[in-house]
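Undergrad: Build out the structure end to end from the sequences listed, making use of the hints.
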Amino acid sequence: QRFKRMTSDQILNYSAVVYGPAGLNILSGMMPKHQAFNLVISNVPGPREPLYWNGAKLDALYPASIVLDGQALNITMTSYLDKLEV
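Following full-length UniProt numbering, the numbering of the sequence shown begins with 1 at its first residue and continues without gaps.
I should point out that these hints are in silico values taken from the structure, not numbers from a laboratory. One should not assume that every hint holds.
Here are the computed distance ranges between Cβ atoms for each label pair [unchecked claim]:
(1) Lys4 to Thr76: 18 to 24 Å
(2) Gly20 to Ala64: 16 to 22 Å
(3) Leu68 to Thr7: 27 to 33 Å
From the three backbone atoms N, C-alpha and C, an ideal C-beta is built for every residue, glycine too.
TA: Right, here's the structure in full:
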């Protein structure tokens with residue numbers, strides 16, 4: 001509910017502050033070996049206007065997910081224009 005009032009930049013900054021320490025634990029090797037979950041699902045809102053590079057229009061935007069040790073599945077969805085890519 002609170003994210004509906006936030007811009008995408010604010011959501012990104014909030015996520016970095018809230019989830020940043022978990023990333024540091026992973027990189028430092030201090031993460032417990034047995035996690036409470038092994039499935040991660042995320043929805044990343046993409047641009048609503050078309051993007052171009054050197055005059056070529058971007059047709060689709062696909063997410064790149066990283067599966068970590070002990071994680072069974074990572075599903076990431078990204079939107080671009082009126083499409084949803086998984």
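Undergrad: State for each hint whether it applies.
TA: Right, here's what the structure says about each hint:
no.	hint	result
1	Lys4 to Thr76: 18 to 24 Å	holds, 21 Å
2	Gly20 to Ala64: 16 to 22 Å	holds, 19 Å
3	Leu68 to Thr7: 27 to 33 Å	holds, 29 Å
Every hint from the earlier list agrees with this structure, and none is contradicted.
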